[in-house]
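Please build the complex by placing chain B on the supplied structure of chain A, with the hints as guidance.
There are 2 protein chains.
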Amino acid sequence: MTGPSADQLQARRDAVVRRLRDRGLAGLLVTTLVNVRYLTGFTGSNGALVLPTEGTGVFLTDGRYQDQAADEVPGLELLITRDLVGEGGRRMTGSSDAWAVETHTLSVDDHSRLDEHEVASAERVVESVREVKDEYEVEALREACAISVQALGALLEGPLVGRSERDVARDLEWRMLSLGAEAIAFETILASGPHSAVPHHHPTDRVIESGDLLKIDFGARVAGYHADCTRTVVLGPPADWQREIHAAVREAQAAGVEALVEGAVPSDVDALVRGSLDAAGWLDWFTTGLGHGVGLQIHEDPFFGPSNAGRLAPRTTLTMEPGIYLPGRGGVRIEDTVLVTSQGQRPVVLTEFPTELLEIA
Amino acid sequence: MTGPSADQLQARRDAVVRRLRDRGLAGLLVTTLVNVRYLTGFTGSNGALVLPTEGTGVFLTDGRYQDQAADEVPGLELLITRDLVGEGGRRMTGSSDAWAVETHTLSVDDHSRLDEHEVASAERVVESVREVKDEYEVEALREACAISVQALGALLEGPLVGRSERDVARDLEWRMLSLGAEAIAFETILASGPHSAVPHHHPTDRVIESGDLLKIDFGARVAGYHADCTRTVVLGPPADWQREIHAAVREAQAAGVEALVEGAVPSDVDALVRGSLDAAGWLDWFTTGLGHGVGLQIHEDPFFGPSNAGRLAPRTTLTMEPGIYLPGRGGVRIEDTVLVTSQGQRPVVLTEFPTELLEIA
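These protein sequence lines are chains A and B, in that order.
Using the numbering used here, read the first sequence as starting at 1 and increasing by one per residue.
Using the numbering used here, read the second sequence as starting at 1001 and increasing by one per residue.
In isolation and in its complexed conformation, chain A is listed as follows:
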């Protein structure tokens, strides 16, 4: 995919500017790289944005990226410098109002170089705007998710028994890259047998055996956007306990996915899914978070949890990933990347792939 259009980038900046104006701020110095990318289109490793509420913004990067910035960044003044924060600070002008800075990521040392200015906290304003995806972002996420599940489908044609976790993980990653992923979205979790009970297991040389549960948490990246998907399969006919915990997770996960509608409150969804696992008698073995926003970052706002009382807006993308982890025995997680749609419509599962307990040779 080529980058977002000039209009899309301008619309993103406009959305941030509206929130800054509501707070009476003169502008925002954006120094968090992923936020800079979101607002400018710049995909390099060093950049900043001075975004005033009046007038044209300034994009800052160093000399390595002069040509790339000219290609990727429309609608902004370009300033080449090695001193992004210092030069950025000097452009924070034009008003007696305070400017906001990204205090959640700006380092103490960089902040001290702005101290002649009165500055306020950005309060994660860009992260907040990023929760709702525009058309470009939804398309990139769709593509990343489509590649992911296509690769999984090919992998699960098997055989898998007799191969190491590491080998199978590499195989899956290779398939995603061959299908057009620009990179893998994160280090693949591929956990067999007792390892499947470890929520964030790193693939090892353990050889996959008949009777194992195999938990695969993986995803492709496209145009900077991350897919996030987990399926747990069984190698051969399942034991009763495997069937039981898989069914409990599947029921809870399906309920969670269906609850991701416009206006839903994340803490309510969290309670709903936990209630499902509790009713089945397995809540004590669900030891991770329920899910998270996903987009330019693999984990981003909004997050599930008992304290998130916001309301989901259309075109928010989140993961839904309950699990049951029985230490020393095995575990099951089922995870989808889900798109919240408009009032009255069902959520769209972007990682569309069967959730039944598949038996693989």
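Calculated from the structure, these hints are not laboratory results.
Careful, some of the hints might be misleading.
[Claimed, not checked] Beyond 12 Å from chain A on every Cβ pair, some chain B residues (computed): (1) A1006; (2) Q1008; (3) R1018; (4) G1063; (5) R1091; (6) T1093; (7) Q1150; (8) H1201; (9) R1311; (10) S1342; (11) E1352; (12) T1355.
[Unchecked claim] Computed from the model, here is a short list of chain A residues facing chain B with C-beta under 8 Å: (13) T53; (14) T103; (15) L106; (16) W174; (17) S178; (18) A183; (19) H200; (20) T204; (21) T288.
By construction, the Cβ of each residue, glycine as well, lies at the ideal position given by its N, Cα and C atoms.
The following block gives chain B in isolation, referenced to the frame of chain A:
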């Protein structure tokens, strides 16, 4: 590789503690994840270390990593919390002296939660200690570099003409992973024809043609340690200008590598290599930095440049990567990861691979 030993980790912490004592500090709150890994062995994504100059340190992580921390982190008290900085701050006790915090990475928001304490800047003390690698680190770097050049050798058996940059980049990455890399060290730069003039090019669908220069900047990661290597080859017999710029880069790079000895001053080495390119008439086309330390980070201290007047110590690892970039035509870079050895001994090139201009089919 398994992780560093308890003794190695203790020796790293002791080296930091000595420097803290020299400054009269009571201890250091380590919040930079890569520094936490270096000093504790912890490979997860969320951790901090309270390192007092007297007594036992405290390792902090969240509940997801309880088992992993018990496995990976020897010799420290373990504290499970979601509030690493807050709890870390409460453990900064035991003395009326100031504690240091990592102000170059600690966010303004996190810092504000420590403001009841008198704190000093760590002044990159852990990064400074990390410049000199211990035996474990050298072994990991050796292995990462060996895998990298072995993969390159297999790739260059060809054929490459007629394949896309993206396809060839994926092929190289796959080979590194198959040879035992835990991941690629960074996104591969594979730049053909005119693209080779772009220092940090992303692989595209451009098909590699006869007569192209092909610049390949790549590396494997092993146990967290990064290899960094570049070779530029030509597809078929080279044109005179290709031969000329390659020879100039090769001569400058070889001189630079030989200069990486104990006691050398990075700014002097920088001047030496630039002098070589200048004498050949190409200095204006060398538009990037000369190199950087490499280890747990792909770019780390020390950096080359006109202002770095430190002296290289034995067991420092650096890249040496001059280049000539002719916009619209093509470019050449040759880069090695190099180990500085003891006084009087020549540096060791860890990415051992021919630097001649190879003609590939």
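Hints versus structure:
no., hint, result
1, A1006, "holds (21 Å)"
2, Q1008, "holds (21 Å)"
3, R1018, "holds (24 Å)"
4, G1063, "violated (7 Å)"
5, R1091, "holds (19 Å)"
6, T1093, "holds (21 Å)"
7, Q1150, "holds (16 Å)"
8, H1201, "violated (9 Å)"
9, R1311, "holds (24 Å)"
10, S1342, "holds (35 Å)"
11, E1352, "holds (25 Å)"
12, T1355, "holds (24 Å)"
13, T53, "violated (22 Å)"
14, T103, "holds (4 Å)"
15, L106, "holds (5 Å)"
16, W174, "holds (6 Å)"
17, S178, "holds (7 Å)"
18, A183, "holds (7 Å)"
19, H200, "holds (6 Å)"
20, T204, "violated (11 Å)"
21, T288, "holds (7 Å)"
Violation of the numbered hints given earlier is confined to hints 4, 8, 13, 20; the remaining hints are satisfied by the structure.
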